[in-house]
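Below, each chain spelled out in residue letters.
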Amino acid sequence: MERTARRRRFTRAERLLHRTTAALMLLCIVTAAVLYVPQLAELVGRRYLVVTVHQWAGLLLPVPFVLALVSRAFRADLRRLNRFAPYDRAWLRAVRRREHGPSARPAGKFNAGQKIYAAWTAGAVLVMLGTGLLMWFTGLAPLVWRTSATFVHDWLSLAVGIAVAGHIAMALADPEARRGIRTGSVERQWARDHHPRWLEDE
Amino acid sequence: MTSPHSDAAGPAEPGGPGPGGPEPGDPGAPVGRRVVLGMLGLGAAGVAAAPYLQRGLESFLGAAADKDPTGLTGLLPNGGGFRYYSVASSVPRRTAETYRLTVDGLVRKPATYTLADLRAMPQTRIVRDVQCVTGWRVPDTPFEGVKLSRLLDAAGVRPEARAIRFTCFDGTYSESLTLTQARRDDVLVALRMQDKPVSHSHGGPVRLYVAPMYFYKSAKWLSGITVTSSVLPGYWEERGYDVDAWVGRSNGRTDTPTV
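For the protein sequence lines, the chains are A and B, in the order given.
Here the first sequence stands for residues 1 to 202, where the numbers follow our numbering.
Here the second sequence stands for residues 1001 to 1259, where the numbers follow our numbering.
Please note that a few of the clues may not be correct.
Covered stretches of chain A, going by a simulated chain B footprint (3 or more residues, C-beta under 8 Å) [claimed, not checked]:
#1 46-59
#2 108-120
#3 124-133
So the derived label-pair ranges between C-beta atoms look like this [stated by the list, open to error]:
#4 B:Pro1142 to A:Phe137: 31 to 41 Å
#5 B:Gly1041 to A:Phe137: 14 to 24 Å
#6 A:Ala163 to B:Ser1089: 23 to 33 Å
#7 A:Pro62 to B:Thr1112: 52 to 62 Å
#8 A:Leu43 to B:Ser1229: 36 to 46 Å
#9 B:Leu1042 to A:Leu199: 26 to 36 Å
#10 A:Val66 to B:Glu1097: 55 to 65 Å
#11 B:Arg1239 to A:Ala104: 30 to 40 Å
#12 B:Ala1111 to A:Pro62: 47 to 57 Å
#13 B:Arg1239 to A:Gly101: 17 to 27 Å
#14 A:Pro62 to B:Ala1116: 55 to 65 Å
Hints are computed from structural coordinates only; laboratory data are not their basis.
Glycine included, each C-beta is placed from N, C-alpha and C at the ideal position.
Required output: the full structure, derived from the provided sequences and hints.
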């Protein structure tokens, strides 16, 4: 492989997956805010329309992920996100001790924080989907479950909102990471600094 | 678990081959999968434990909301207080000068009331909990206004009448009651809520108040009372909610009745 200044990080399919998932997630969050924050509800009204958009955005949220499973590169990245290497624990320790730099924070293609964020968000989306379906199709389960599902859906939505806000804040702080997900490639030096264990042959 | 000393070795961990990381053939622990399954487990446990958690949180947040000058607790789920729901894109404002309530349909004397007309009639004050079908409940909320039965009597309901259809000046919302339900003493055409004139966002200047039923029956921005020969389902009822919306005995819910 010819060594250039930039290194390929994400394929077109992965970038498309990220973009569609982000759009659907933001649609879920914005409509949820309109349904829940009284001032926004007062501003927008149209409750039935907002509910319908929210339901469909939520239902479609996992679809790009499932479609992207045909991509070999995406499946390989999923494996990388799933598996924790010993250096991932070192990375988490460095976060706790507020240590920075490539030697203190060893990471493969994805660091431990990205791995945990990916898995937590995937699990949270599934719980939101399940509780959302219980609220939507009240005939699916004993009707008393709806109140319980609403309770979990409401509180987990707050946590998801905070997690996504953190994800966006970290992206805003790292232009090269954003370039990676936007164009598919990153500077080699950035890769060495932030993902020192991301091997050249990967 | 390794000892703290070997932890501190970090990247130079003994046994790590070549550039470090997982050994060939050892893909590392599937932490991602465990986190996903853990979230699913927590979600299921949350649904199972929700009735207990919710009761505790409601009383805690309700108490906190009373002392919270920022109003932020109102943004938390079950944070206490009313939530604003409107099905229309925007709702016109009606003042004492522009507000009108019409009573028509199967009546002998159709009528149109101004706000002043309604204020001049005998007022009834009722203090009950408000229960929304989506779960929130506001305790001990005073409503004050004219008994609906008084307006019906004044209009002279014809013998073939069986139900009432309510329409609203938001242009979209509608509600319904059977004639028997509408004649209850705890069904008001409310002019005051929480001992203040009903504000615009609470459905003012005049809203319906149906004490024994879920709050979607208490139509906001009330502008029309039409006596009909049968029940015409209202806005949310056409979308799956119960027409006979008794608190605790409808919509699959088991809330404590408000009356």
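Now the hints, each set against the structure:
1. 46-59: holds (count 3)
2. 108-120: Coverage by chain B holds for the stretch 108-120 of chain A (6 residues, Cβ < 8 Å).
3. 124-133: Three-residue rule met by the stretch 124-133 of chain A, so holds; n is 5.
4. B:Pro1142 to A:Phe137: 31 to 41 Å: Cβ of Pro1142 (chain B) to Cβ of Phe137 (chain A): about 37 Å, so the range 31 to 41 Å holds.
5. B:Gly1041 to A:Phe137: 14 to 24 Å: 23 Å, holds
6. A:Ala163 to B:Ser1089: 23 to 33 Å: 32 Å, holds
7. A:Pro62 to B:Thr1112: 52 to 62 Å: 54 Å, holds
8. A:Leu43 to B:Ser1229: 36 to 46 Å: 40 Å, holds
9. B:Leu1042 to A:Leu199: 26 to 36 Å: 35 Å, holds
10. A:Val66 to B:Glu1097: 55 to 65 Å: 58 Å, holds
11. B:Arg1239 to A:Ala104: 30 to 40 Å: 56 Å, violated
12. B:Ala1111 to A:Pro62: 47 to 57 Å: With a Cβ separation near 56 Å, Ala1111 (chain B) and Pro62 (chain A) satisfy 47 to 57 Å, so the hint holds.
13. B:Arg1239 to A:Gly101: 17 to 27 Å: 57 Å, violated
14. A:Pro62 to B:Ala1116: 55 to 65 Å: Hint holds: Cβ distance 57 Å, inside 55 to 65 Å.
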